[in-house]
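Quick mapping for you: the protein sequence lines, in order, are chains S and G. Residue 90 in our numbering sits at position 90 of the first sequence, and the numbers go up by one each step. Residue 425 in our numbering sits at position 176 of the second sequence, and the numbers go up by one each step.
Derived from the structure by calculation, the hints contain no laboratory data. Bear in mind the structure is a predicted one, so any value in this text is a computation, not a measurement. Just to be clear, a hint being listed does not mean it is correct.
To be verified - One side only, chain S facing chain G, incomplete, derived with CB under 7 Å:
no., residue
1, Ala76
2, Val185
3, Val186
4, Lys191
5, Arg197
6, Leu200
7, Met202
8, Ile228
9, Gly230
As the list claims (entries may be wrong) - Among chain G residues calculated to face chain S with C-beta under 7 Å, some are:
no., residue
10, Pro307
11, Ser388
12, Phe392
Stated by the list, open to error - Computed Cβ-Cβ distance ranges for the label pairs, DEER-style:
no., chain 1, residue 1, chain 2, residue 2, range
13, S, Gly140, G, Gln464, 35 to 41 Å
14, G, Leu319, S, Arg111, 55 to 61 Å
15, G, Asp416, S, Gln85, 31 to 37 Å
16, G, Glu420, S, Ala143, 44 to 50 Å
17, G, Pro481, S, Gly230, 35 to 41 Å
18, S, Arg231, G, Gln464, 31 to 37 Å
19, G, Asp467, S, Asn138, 28 to 34 Å
20, G, Val343, S, Pro145, 53 to 59 Å
21, S, Asn138, G, Gln464, 31 to 37 Å
22, G, Asp416, S, Val12, 54 to 60 Å
23, G, Gly358, S, Val19, 21 to 27 Å
24, G, Arg463, S, Ala112, 21 to 27 Å
25, G, Ala256, S, Pro145, 18 to 24 Å
26, S, Ala20, G, Thr329, 47 to 53 Å
Every residue, glycine too, gets a C-beta built ideally from N, C-alpha and C.
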Amino acid sequence: MAREQRIVETFVEFADTLVAHFDVVEFLHRVAERSVELLDCVEAGVLIADAAGGLRVMASSSERAEALELLQAQNAEGPCFECFQRARLVFSTDLAADAARWPLFAPAAVRARFGSVHAVPMRAHGKTIGALNLFRSNVGRLAVPDVPVSQGMADIAAIGLLNEREARETHDTVSQLQRALQSRVVIEQAKGLLAERLQLSMDEAFARLRGYAREHSHRLSQVADELIDGRLADTALIEKARRRDASDR
Amino acid sequence: MADRVSAVLAAMAAVDGNAASVTDRVCMAATGLLSLNGAGLSLMVDGELRGTAGATGPGIEAIQELQLSLGQGPCVDAWTLREPVTESDLADPVLLRWPAFAQEAVETGVRAVFAFPLQLGAIRIGVLALYRERPGGLSGDEFGDGLVLADVAVHVVLGLQAGARPDTLHELLAGQPAYWAEVHQATGMISAQLGVSLEEAFVRLRAASFAASRQLRDVAGDVVERRLRLEPS
Chain S
1 MAREQRIVET FVEFADTLVA HFDVVEFLHR VAERSVELLD CVEAGVLIAD
51 AAGGLRVMAS SSERAEALEL LQAQNAEGPC FECFQRARLV FSTDLAADAA
101 RWPLFAPAAV RARFGSVHAV PMRAHGKTIG ALNLFRSNVG RLAVPDVPVS
151 QGMADIAAIG LLNEREARET HDTVSQLQRA LQSRVVIEQA KGLLAERLQL
201 SMDEAFARLR GYAREHSHRL SQVADELIDG RLADTALIEK ARRRDASDR
Chain G
250 MADRVSAVLA AMAAVDGNAA SVTDRVCMAA TGLLSLNGAG LSLMVDGELR
300 GTAGATGPGI EAIQELQLSL GQGPCVDAWT LREPVTESDL ADPVLLRWPA
350 FAQEAVETGV RAVFAFPLQL GAIRIGVLAL YRERPGGLSG DEFGDGLVLA
400 DVAVHVVLGL QAGARPDTLH ELLAGQPAYW AEVHQATGMI SAQLGVSLEE
450 AFVRLRAASF AASRQLRDVA GDVVERRLRL EPS
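Produce the entire structure from the sequences given, and follow the hints as far as they go.
Here's what the structure looks like:
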């Protein structure tokens, strides 16, 4: 399929999601996944600022430990941190040459075999609320046609974060980001619970939760809540997985 | 550590530690930081919001308790909705919510109230409420401080349950425990392994990190990688 066609389809998919009753964590995971599909990068992650001003990971294109680690480690330095502080696009075309700029982040990224990185600001209401992080295997900059698409991805992630629910009170941006962060914690707790009960990896546990939510048109955070409080039995997630395995064959 | 967290810890350190419990000190720090006339902290017991674990004085404690006994008010709503509930003027004649609570609160000199749930994902431990004698909302920065105070309170309460000494607040918040996915994943795993609530699982994880003098995140990483399994007590 032509690249332009895929970009159009992705943004139509996002628009469809945004007008419906959607789950913010699931939405941001899809933004990260589609970023990897559409842009010249191998991993992507979404970080947002919390009330204390720290950056926290909301979603990533994979659960690959090295990538997650690099996202999580950007509280005091790194492209996302800098992007958030300066409210602008930040990149390193050659991470191996940027050890002086980011003494912790750059060597760790090189060890994880990344060549270059871009951090695109997520903006809303004139404020930067987080950053979309794009990791590339090669050195160099994002291709010129990728730049506006990456900003579009970051913008739509910001819209998703702030539009999950109707604006109600005056502290809306902060409240909505806080709610999104809590929702992500609930999902991580549910992943751990399910991974242990069914002896799965975190990746598989997350895939089961997402799969179940999608097939039943439930919000991911609702499925996580129900698993934790026992309304949803973990056996429901086993059955589903077996059926899916069978239909794959 | 982020500036806001440092500011909260500094405000807590400025309170006379001998004179008050740690939860009282959270309330006093809030009062100083946000020019309140008081703050109160209620904790969950057996799945319900019950009792007052911290307050800046008897008047505030009474207002806090009143909500629990009436079953209405910002604390009750913040607990039920799991999100902050604020009211900038309790004497507003068009205020429809909490009629009984609003009337008594105004009579005791409280005009505005801001209630923040104490939670860590699905772990819900209580509510922190901030009271002001003048009407008016919180600024964006003040609201942010309220959220940070609530986070600090969560880690203080759970840390104390895990056997932390009350004078080790910095240690409880060092490394920003809530930031790491593996901490929450390990909490879920321990909950399944030991058949305990998520709250209990987090407390066990925290206690294991104290016992080993290791960062919470590192111990959590071992649990997630299945290199470490906590023993049932």
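Looking only at beta-carbon atoms, does the pair G/Glu420, S/Ala143 fall within the given range of 44 to 50 Å?
holds, 47 Å
When the nearest CB of chain G is found for S/Ile228, is that gap smaller than 7 Å?
holds, 5 Å
For G/Leu319 and S/Arg111, compare the CB-CB distance with the range 55 to 61 Å and indicate the outcome.
Given about 58 Å between the Cβ atoms, the range holds.
Does S/Arg197 pass the interface hint, meaning its C-beta sits closer than 7 Å to a C-beta of chain G?
holds, 5 Å
Outcome for the supplied range 35 to 41 Å, where the beta carbon pair is S/Gly140 and G/Gln464
Holds, at about 36 Å.
For the range 28 to 34 Å, tell me whether the beta carbons of G/Asp467 and S/Asn138 fit it or not.
holds, 33 Å
Interface hint status, S/Leu200 versus chain G (Cβ within 7 Å)
violated, 11 Å
Interface hint compliance - S/Val185 to chain G, C-beta minimum distance less than 7 Å:
For S/Val185, the interface hint holds, since the closest Cβ of chain G sits about 3 Å away, which is under 7 Å.
Is 31 to 37 Å respected by the C-beta to C-beta distance linking G/Asp416 and S/Gln85?
holds, 33 Å
Look at the Cβ atoms of G/Val343 and S/Pro145 and judge whether their distance stays inside 53 to 59 Å.
Distance hint for G/Val343, S/Pro145 holds at roughly 54 Å.
Verify the interface restraint on S/Met202: the C-beta must sit less than 7 Å from at least one C-beta of chain G.
S/Met202 check passes; min Cβ-Cβ to chain G is 6 Å, inside 7 Å.
Less than 7 Å between beta-carbons is the criterion; does G/Pro307 satisfy it with respect to chain S?
violated, 30 Å
When each numbered hint is compared with the structure, violations occur for hints 1, 6, 9, 10, 11, 17, 23, 25 and 26.
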